[in-house]
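S.K.: Sequence:
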Amino acid sequence: MNLLRKLLFPFAILYGFITFLRNYLYDKGILKSYSVDIPVIAVGNLNFGGTGKTPQIEYLIRLLSPNYKVATLSRGYKRKSEGFILADANANAETLGDEPFQYFKKFPTIQVAVDADRRNGIEQLLKQKTKPEIILLDDAFQHRKVKAGFYILLTAYDDLFCDDYILPTGNLRESRNGAKRANLIIVTKCPANSTELQQENIKKKLGIDLPIFFSCVSYDDKVYNEETTLAVSEVKLIQKILLAGIAKPRPFFEFLQADTDEIMTFSDHHHFSESEILSIKSRAIDKIIVTTEKDFVRLDAKILRKQLFYLPIKSQFLSNQETFDQTILNYVGTCTRNR
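Counting in our numbering, the sequence shown runs from 249 upward without gaps.
The hints are simulated quantities; they were obtained by calculation from the structure and are not laboratory data. Be aware that one or more of the hints could be misleading.
To be verified - PhoX-like, lysine-lysine: derived pairs with alpha carbons at most 20 Å apart: (1) K395 <-> K276; (2) K280 <-> K317; (3) K353 <-> K328; (4) K317 <-> K377; (5) K451 <-> K428; (6) K470 <-> K354; (7) K550 <-> K535; (8) K484 <-> K470; (9) K379 <-> K470; (10) K317 <-> K375; (11) K276 <-> K375; (12) K562 <-> K529; (13) K379 <-> K317; (14) K379 <-> K395; (15) K562 <-> K496; (16) K550 <-> K328; (17) K353 <-> K317; (18) K535 <-> K484; (19) K375 <-> K395; (20) K353 <-> K529; (21) K276 <-> K353; (22) K353 <-> K554; (23) K395 <-> K280; (24) K484 <-> K554; (25) K535 <-> K470; (26) K470 <-> K554; (27) K562 <-> K353; (28) K353 <-> K451; (29) K554 <-> K529.
Stated by the list, open to error - Ranges between beta-carbon positions, derived for each pair: (30) K554 <-> A337: 21 to 27 Å; (31) A549 <-> I456: 44 to 50 Å; (32) K328 <-> K276: 17 to 23 Å.
The beta-carbon is built from N, C-alpha and C at its ideal position, and this holds for glycine as well.
Given these sequences and hints, build the entire structure.
M.R.: And the structure:
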């Protein structure tokens with residue numbers, strides 16, 4: 249923790265009190281939450297960025313969409329539009345935001361919507377001719393104006409919420425006690441070889457009586473663009489540009505990097521300017537560019553399609569995947585039967 253953050257500790261106390269009061273008013277029913285009678289699953293975290301919400305939402309889409317009409321609802325972070333938007337053929341990363349547009353491109357059978365006002369977003373989805381049977385709320389753990397039926401809290405292996413502090417001293421959006429609202433916790437971005445003992449130690453450290461699961465990032469064995477694919481084993485051996493505008497890009501770089509590669513790092517959800525595109529192109533003469541899926545949807549059509557590739561990732565459970573799946577399916581089935 250740097251000196252400036254330590255000096256801001258009094259403001260962290262004030263911010264913590266404000267978030268505590270807000271949560272208390274919602275918990276006691278003084279402030280009202282909106283709910284609906286279809287399954288609503290919220291995926292979120294206590295701290296800012298880098299916990300792997302996107303691959304977890306995609307995991308749920310793969311689990312649920314074969315048997316249910318699924319919709320995702322995000323606020324559309326850093327999009328250049330306002331209000332409710334339901335993705336259609338005219339959608340792009342600027343109107344939806346990069347993550348929702350990624351869902352739209354990868355999963356054409358689901359509905360993808362954005363709205364900073366989640367209540368309005370849900371109401372608009374339920375007015376559609378084809379109504380969703382399940383709504384997945386992306387990054388909505390603190391959005392208490394809407395009450396989801398099931399809450400999944402994510403915390404990264406190397407940045408556990410129990411080790412963090414409230415803003416601005418740390419990166420927590422609210423007190424660690426907020427974790428008690430979750431139905432289950434997933435510790436994300438674990439080393440693939442994490443032992444059962446290490447997992448048990450983390451459970452003790454978190455100190456919360458909830459089901460806790462552990463997942464890692466699973467990288468694809470190919471990189472892709474609109475025209476072709478290349479094997480990762482081949483890509484690792486050639487000189488290239490590695491580019492990322494995500495919260496914690498180091499694992500992505502380490503997975504693909506060769507000694508001769510050039511690394512280009514941008515801020516999370518970065519919108520690339522014309523001058524930056526020109527700079528990328530000038531550095532990538534006679535080289536391929538490999539980037540993340542989120543960056544690809546923002547760079548697509550701005551760089552030669554035969555030159556730009558992306559590396560897909562998935563969330564993969566280290567163990568107890570069947571238990572997690574069944575927990576979600578039981579919630580959805582019970583909620584649906586109770587309608």
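S.K.: With reference to the structure, classify each hint as holding or not holding.
M.R.: Cross-check of the supplied hints:
1. Note on K395 and K276: the hinted pairing holds, with a Cα-Cα distance of about 13 Å set against a maximum of 20 Å.
2. Taking the CA atoms of K280 and K317, the gap is near 28 Å; set against the 20 Å cutoff, the hint is violated.
3. For the proposed pair K353 and K328, the alpha carbon gap of about 19 Å is at most 20 Å, so the pair holds.
4. Restraint check for K317 and K377: satisfied, since their Cα atoms lie roughly 12 Å apart, inside the 20 Å limit.
5. This hinted pair checks out: K451 and K428 have alpha carbons roughly 14 Å apart, not beyond 20 Å.
6. For the suggested pair K470 and K354, the alpha carbons sit about 16 Å apart, so the restraint of at most 20 Å is met.
7. A distance of roughly 16 Å separates the Cα atoms of K550 and K535; the hinted pair therefore holds under the 20 Å criterion.
8. Between the alpha carbons of K484 and K470 the distance comes to roughly 11 Å, so the proposed pair stays at or under 20 Å and holds.
9. With a C-alpha separation of about 36 Å, the suggested pair K379 and K470 falls outside the 20 Å cut-off, and the hint is violated.
10. A distance of roughly 14 Å separates the Cα atoms of K317 and K375; the hinted pair therefore holds under the 20 Å criterion.
11. Straight-line distance between C-alpha atoms of K276 and K375 comes to about 30 Å, which puts the hinted pair past the 20 Å bound.
12. Among the hinted pairs, K562 with K529 is inconsistent with the structure: their alpha-carbon atoms are about 29 Å apart, more than 20 Å.
13. A hinted pair counts as satisfied when its Cα atoms are at most 20 Å apart, and K379 with K317 qualifies at roughly 8 Å.
14. Restraint check for K379 and K395: the C-alpha separation of about 19 Å stays at or below 20 Å, so the hint holds.
15. With a C-alpha separation of about 16 Å, the suggested pair K562 and K496 falls inside the 20 Å cut-off, and the hint holds.
16. Annotation: proposed proximity of K550 to K328 holds, straight-line Cα distance about 17 Å (limit 20 Å).
17. Distance hint between K353 and K317 is fulfilled; the C-alpha atoms sit about 17 Å from each other, no more than 20 Å.
18. Simply put, K535 and K484 have alpha-carbon atoms about 13 Å apart, close enough for the 20 Å limit, and the pair holds.
19. Under the criterion of a C-alpha separation no larger than 20 Å, the hint pairing K375 with K395 is consistent with the structure, at around 19 Å.
20. Taken as a hint, the K353 and K529 pair is broken in the structure, with Cα atoms around 25 Å apart against an allowance of 20 Å.
21. For the suggested pair K276 and K353, the alpha carbons sit about 41 Å apart, so the restraint of at most 20 Å is broken.
22. Of the pairs offered as hints, the one joining K353 and K554 holds, with about 19 Å between alpha carbons and a cut-off of 20 Å not exceeded.
23. Simply put, K395 and K280 have alpha-carbon atoms about 9 Å apart, close enough for the 20 Å limit, and the pair holds.
24. Distance check on the hinted pair: K484 and K554 sit about 18 Å apart at the alpha-carbon level, within 20 Å; holds.
25. Taking the CA atoms of K535 and K470, the gap is about 17 Å. The hint holds against a cut of 20 Å.
26. Note on K470 and K554: the hinted pairing holds, with a Cα-Cα distance of about 15 Å set against a maximum of 20 Å.
27. For the hint pairing K562 with K353, the CA-to-CA distance comes to about 16 Å; that is within 20 Å, so the pair holds.
28. Taken as a hint, the K353 and K451 pair is broken in the structure, with Cα atoms around 36 Å apart against an allowance of 20 Å.
29. Taken as a hint, the K554 and K529 pair is honoured in the structure, with Cα atoms around 13 Å apart against an allowance of 20 Å.
30. For the hinted restraint 21 to 27 Å between K554 and A337, the CB-CB distance of approximately 24 Å keeps it satisfied.
31. Our hint of 44 to 50 Å for A549 and I456 holds, since their Cβ atoms are close to 45 Å apart.
32. The hinted range of 17 to 23 Å is not satisfied by K328 and K276, whose Cβ atoms lie roughly 39 Å apart.
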